[in-house]
Structure formats: structure tokens, C-alpha cells
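Just so you know, we're using numbering that gives the first Met the number 0 here: the sequence shown kicks off at 0 and counts up by one.
Source of the hints: derived by calculation from the structure; they are not laboratory data. A hint or two may mislead.
Derived CB-CB ranges, DEER-like [to be verified]:
no.	residue 1	residue 2	range
1	C97	R24	21 to 27 angstroms
2	R53	D81	32 to 38 angstroms
3	I4	N125	27 to 33 angstroms
4	T83	V51	28 to 34 angstroms
5	Q68	R9	34 to 40 angstroms
Keep in mind it's a predicted model, so treat the numbers as computed, not measured. Just so you know, even glycine gets a beta-carbon here, dropped at the ideal spot from N, CA and C.
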Amino acid sequence: MIEMIVDSVRVNLISPSRVVVLKERDGPRYLAIVIGQGEADAIAVKLQDHDVPRPLTHDLLKQLIESVQGSVERVVVTDLVDTTFFATIVLDMNGSRCELDSRPSDAIALAVRANAPILVEPSVLNEAGFEPDESGEESGEGEPVAEEKLEVFREFINQLDLDDLGKS
0 MIEMIVDSVR VNLISPSRVV VLKERDGPRY LAIVIGQGEA DAIAVKLQDH
50 DVPRPLTHDL LKQLIESVQG SVERVVVTDL VDTTFFATIV LDMNGSRCEL
100 DSRPSDAIAL AVRANAPILV EPSVLNEAGF EPDESGEESG EGEPVAEEKL
150 EVFREFINQL DLDDLGKS
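Given only the sequences and the hints, what does the whole structure look like? Please build it.
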């Protein structure tokens, strides 16, 4: 298995979802996983050391595990089927090992709270991982976009009424 670290939590500009970007600890590859806003916020809050007045769901889960003398040993992104990632949370429950099926977003949010390693199966990273090119952008096989196609977006943007932006 390959150890990863959380590189960033980003907004997907194509859809209203968030993306957690994992980086290979000892290598150049990245893995981007689409996650929900709540999980993205939970990961970002912990990574940025923000204090919250009440425990978030993943804080509560960590407290529950610890209250029964358990600990999070590691989380593993185990599989990718179509566009859905799968994960497992591995717990040490007083010397007994327990594996819980999980969404990667919840597993990662718990791992950052428990300071547990985040691992990815090599087959998953080989299939969905990517390396940035020299400019720092994701490398790919995409073709340059024709100027005519970009003009449609320019027209749309120019027609937007931004006077009320930020007012509610």
C-alpha cells in the first residue's frame, strides 16, 4: 500500500462538489477524490487548526472510538469502481483489529483527527492517480480549446449582472 498525505481541499469548478487531493508521501503522484461539502469542511477545519464550539461528526466518532479504548490504526482507499472510491477504516480495539467499510471522505476526515496514516491500494493509485507536469498543472491528453468555443463563455460572462453580487 502507498502512503498519502492530504495536499489540499478544493472546490470543483465544474460542479458544486469539493475535491480532496491526496499526495503520495514519497512520490510524485496525486489522487483527487470528489467529496461532499460537509466532509470537505470537516477536513479543512482540522487541517487549518480551526477551533469549533461543538464537536463535528468526525470528532464525535473519534471520541467514541477512544471511549471504548480503541484507536484508528489507518485508513485505506481500497477500490475504485466506475467513478466511486471505496475505503476502509482499520481500528485497533484493545488488541483486536476491526475493519469498517467507509466512504473515503469520512475515512480521511477521521484520519486527520486521529493522526492516522492514509493509505491507497497501488491499483487505485495506478488507475486514478496523476502527476503534475513541470508547470504544476495536471498532465493530460487534452487538446487546446478553439477560440470559437471560448467565445461562448466570454459572451455569457459579459452578460452577467454583477451589481448585486454579495448582497443578500
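Mind checking the hinted window 21 to 27 angstroms against the Cβ distance between C97 and R24? For R24 against C97, whose Cβ atoms are near 25 angstroms apart, the range 21 to 27 angstroms holds.
Evaluate the given range 34 to 40 angstroms for the C-beta pair formed by Q68 and R9. holds (37 angstroms)
Between I4 and N125, does the beta-carbon spacing fit 27 to 33 angstroms? With a Cβ separation near 19 angstroms, I4 and N125 fall outside 27 to 33 angstroms, so the hint is violated.
When you take the CB atoms of T83 and V51, is the distance between them in 28 to 34 angstroms? holds (29 angstroms)
Cβ distance range 32 to 38 angstroms for R53 and D81, holds or violated: At roughly 37 angstroms between Cβ atoms, D81 and R53 fall inside 32 to 38 angstroms, so the hint holds.
Violated hints amount to a single one, hint 3; each of the other numbered hints is respected by the structure.
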